[in-house]
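Colleague: One-letter residues, chain by chain:
2 protein chains.
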Amino acid sequence: MTNPLSTRHRYGLALLLTLALPLLAQANEPLPSWHDGAAKKSIIEFVQAVTDQSSKDFVKPAERIAVFDNDGTLWSEQPAYFELLFAFDEVKRNAPQHPEWKTTQPFKAVLENDHQALAAAGMEGLLKIFGATHTGMTTEAFDDYAKTWLSQARHPKTGKPYTEMIFQPMLEMLDYLRSQDFKTYIVSGGDTAFMRAFAEKVYGIPPEQVIGTTFVTAFQLKDGQPSILRTAKLAHNDDGPGKPESIDAVIGRRPILAFGNSDGDLQMLQWTAAGSGKRLMGLVHHTDAKREWAYDRQSSVGKLDKALDQAKNNGWTIVDMAADWRRIYPFEPAAPEQVQ
Amino acid sequence: MTNPLSTRHRYGLALLLTLALPLLAQANEPLPSWHDGAAKKSIIEFVQAVTDQSSKDFVKPAERIAVFDNDGTLWSEQPAYFELLFAFDEVKRNAPQHPEWKTTQPFKAVLENDHQALAAAGMEGLLKIFGATHTGMTTEAFDDYAKTWLSQARHPKTGKPYTEMIFQPMLEMLDYLRSQDFKTYIVSGGDTAFMRAFAEKVYGIPPEQVIGTTFVTAFQLKDGQPSILRTAKLAHNDDGPGKPESIDAVIGRRPILAFGNSDGDLQMLQWTAAGSGKRLMGLVHHTDAKREWAYDRQSSVGKLDKALDQAKNNGWTIVDMAADWRRIYPFEPAAPEQVQ
Numbered sequence: 402m403t404n405p406l407s408t409r410h411r412y413g414l415a416l417l418l419t420l421a422l423p424l425l426a427q428a429n430e431p432l433p434s435w436h437d438g439a440a441k442k443s444i445i446e447f448v449q450a451v452t453d454q455s456s457k458d459f460v461k462p463a464e465r466i467a468v469f470d471n472d473g474t475l476w477s478e479q480p481a482y483f484e485l486l487f488a489f490d491e492v493k494r495n496a497p498q499h500p501e502w503k504t505t506q507p508f509k510a511v512l513e514n515d516h517q518a519l520a521a522a523g524m525e526g527l528l529k530i531f532g533a534t535h536t537g538m539t540t541e542a543f544d545d546y547a548k549t550w551l552s553q554a555r556h557p558k559t560g561k562p563y564t565e566m567i568f569q570p571m572l573e574m575l576d577y578l579r580s581q582d583f584k585t586y587i588v589s590g591g592d593t594a595f596m597r598a599f600a601e602k603v604y605g606i607p608p609e610q611v612i613g614t615t616f617v618t619a620f621q622l623k624d625g626q627p628s629i630l631r632t633a634k635l636a637h638n639d640d641g642p643g644k645p646e647s648i649d650a651v652i653g654r655r656p657i658l659a660f661g662n663s664d665g666d667l668q669m670l671q672w673t674a675a676g677s678g679k680r681l682m683g684l685v686h687h688t689d690a691k692r693e694w695a696y697d698r699q700s701s702v703g704k705l706d707k708a709l710d711q712a713k714n715n716g717w718t719i720v721d722m723a724a725d726w727r728r729i730y731p732f733e734p735a736a737p738e739q740v741q
Numbered sequence: 402m403t404n405p406l407s408t409r410h411r412y413g414l415a416l417l418l419t420l421a422l423p424l425l426a427q428a429n430e431p432l433p434s435w436h437d438g439a440a441k442k443s444i445i446e447f448v449q450a451v452t453d454q455s456s457k458d459f460v461k462p463a464e465r466i467a468v469f470d471n472d473g474t475l476w477s478e479q480p481a482y483f484e485l486l487f488a489f490d491e492v493k494r495n496a497p498q499h500p501e502w503k504t505t506q507p508f509k510a511v512l513e514n515d516h517q518a519l520a521a522a523g524m525e526g527l528l529k530i531f532g533a534t535h536t537g538m539t540t541e542a543f544d545d546y547a548k549t550w551l552s553q554a555r556h557p558k559t560g561k562p563y564t565e566m567i568f569q570p571m572l573e574m575l576d577y578l579r580s581q582d583f584k585t586y587i588v589s590g591g592d593t594a595f596m597r598a599f600a601e602k603v604y605g606i607p608p609e610q611v612i613g614t615t616f617v618t619a620f621q622l623k624d625g626q627p628s629i630l631r632t633a634k635l636a637h638n639d640d641g642p643g644k645p646e647s648i649d650a651v652i653g654r655r656p657i658l659a660f661g662n663s664d665g666d667l668q669m670l671q672w673t674a675a676g677s678g679k680r681l682m683g684l685v686h687h688t689d690a691k692r693e694w695a696y697d698r699q700s701s702v703g704k705l706d707k708a709l710d711q712a713k714n715n716g717w718t719i720v721d722m723a724a725d726w727r728r729i730y731p732f733e734p735a736a737p738e739q740v741q
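For the record, the sequence lines run as chains A and B. Residue numbering for the first sequence follows the working numbering, beginning at 402 and increasing consecutively. Residue numbering for the second sequence follows the working numbering, beginning at 402 and increasing consecutively.
Hints were generated in silico from the structure; no laboratory data involved. Do not rely on the hints blindly, as some may be mistaken.
Where chains are identical, the list cannot tell them apart; a pair therefore holds if satisfied intra-copy or between any two copies.
As the list claims (entries may be wrong) - Below, computed lysine-lysine pairings styled on DSSO-like, alpha-carbon distance capped at 27 Å:
1) K623 / K707
2) K679 / K602
3) K713 / K623
4) K548 / K461
5) K623 / K704
6) K634 / K529
7) K623 / K679
8) K634 / K509
9) K509 / K558
10) K679 / K707
11) K548 / K679
12) K457 / K602
13) K679 / K713
14) K707 / K691
15) K503 / K493
16) K561 / K493
Could you build all of it, start to finish, from the sequences and the hints given here?
Modeller: Next up, the structure:
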């Protein structure tokens, strides 16, 4: 029997290793869709500091709580919050059972795509639309409606399912954090049940780690069969100050990392920042009109004004989507690494 | 060099193994403080069925949600809910700052240990006592008060800290479930923040897995310092139908195992039972006047009447504390195994 590692074989193996090692290194490097800039660096340095047992900044795994806004932070939110587009579609789908909607605002405006009348209906109008499409049914029925819509609806600009309009760099950040024993939560203004309909599949975030706006529910027994009815009464508005309130109520620990993209995330970022020890506060800044959208201080959706000033003043991480991300969506090819 | 495994050594090793194996088996056997009766058997058979990948009853780890009531299920609740005794002690501690309490009900009744006047004050009076002792402070301040009381107060009958009056067999059940990738939750009428003050240390249940009664909170910024204020407005009463409602709101999955001890747990048990696939519903029946307390249908604390009937009719697991548990509290020696 000859030695299988002959000189020729050994050279071949060496060559293979030479070729493969950089690829392996690249595969294991976190955040591959992030350019090597200050934002990526701040995330990796933070994670290394709090997970290094010899570091003064070490945090026990149980306390590695990371919270993320959803709309505009984990997926796009233009031309309107995707959940609002779901509500509009549900009004249209249910219109045949509600002939009165043809002549009643704000439903008439939805059916006629009358943006001006919709804007005039304001928050009160929106709550009526949410009441009609999100409540008056069991939690299981709502989950079915949301899943059906998510599987069928397409975004007006990209033609993609909404669940594909998620940010690849943020998916990588969620994965990276979980690989370092962080518990990743969504804390967002969206309806908790709507977000749960896709968060586990799309983000790997289980229902018990999804915190959002909630309606009062009522346990009911019909013919011995229990169910939980969603009523139209708002229980908690998970926006602005509502975010640290729900974090305290549901998680009961202060996060050490928080990411948002708008003024609605400011209090969550302040609450996170005010804890002791090392923390990371971050904002996704929508600066990429070409690959996504560019908006901040003047936007009616995802307005980013005060939080941007505070982020700059306090040295929080600001992610410049155009400059920091090699790709936006998973379905796109990555841009080549920039020369720094 | 001689072979270290000489014949003599090998005999020695075999002897050691022969002696050690039964001990190891005993150490690894779950639920050692449970007598080998029907209750223990039902728990072990359930866990084996849902964790066996080849079983038709297999449940994925992510869906192994187990919920437990606290008062009367994980710890004692006599002569009154321990949290109520905390509230009474806090009234007494704070009385010097509230001279008006000497002449105002229900505070006067608490200060004078006047049980009759307290009973007459009813639920409205209790809410006033909870409002005065549980709210009007930040969540962090409340956590401090609760922890201080828990470390200093002693039970009037046993003289033990309340956090030692926990049920050893239930601790073993929690451990056993977690070792089989269950996520264990408390779902109880107690104040969420009060239970969080000891649940992690005492039961190994982290704050985010403690669900209870909540008060409305308010995020506030004072001199740039954010905090969360507990207001006296009740947000959610986590009793009866409130339990499946909060399970749905916070966990978003239906449990496959639920344990309680009173009619306040009935709807949680019904909600758990109505899911598809194998499930386990259980009641702790307080039958041990000698080692703990004996009470059920007529008790003002932890009344167990309708739920007992439904448990019997539906074949739910009923734990007879006197007959099923070899010991009640961790500080007691275990009773010898019964001859079956």
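Colleague: Next, verify each hint and record whether it holds.
Modeller: Hint check results:
1. K623 / K707: Between. Shortest inter-copy distance 18 Å satisfies the 27 Å Cα cut-off; intra-copy 50 Å does not.
2. K679 / K602: So K679 and K602 pass the 27 Å test across copies only (24 Å; inside, 31 Å).
3. K713 / K623: Intra 56 Å, inter 21 Å, cutoff 27 Å: inter-copy only.
4. K548 / K461: For K548 and K461, only the inter-copy Cα distance (21 Å) is at most 27 Å; the intra-copy one is 36 Å.
5. K623 / K704: Classified as between: cross-chain Cα gap 25 Å, same-chain 45 Å, threshold 27 Å.
6. K634 / K529: both (11 Å within a copy, 26 Å between copies)
7. K623 / K679: Answer is between; shortest inter-copy Cα gap is 22 Å, intra-copy 52 Å.
8. K634 / K509: within (23 Å within a copy, 38 Å between copies)
9. K509 / K558: For K509 and K558, the Cα distance is within 27 Å only inside one copy (24 Å; across copies 68 Å).
10. K679 / K707: Within one copy only: 23 Å inside, 52 Å across.
11. K548 / K679: between (39 Å within a copy, 26 Å between copies)
12. K457 / K602: between (36 Å within a copy, 24 Å between copies)
13. K679 / K713: within (18 Å within a copy, 54 Å between copies)
14. K707 / K691: within (25 Å within a copy, 64 Å between copies)
15. K503 / K493: Within one copy, since 10 Å is at most 27 Å while 63 Å is not.
16. K561 / K493: within (21 Å within a copy, 64 Å between copies)
The earlier numbered hints are all upheld by this structure, with none contradicted.
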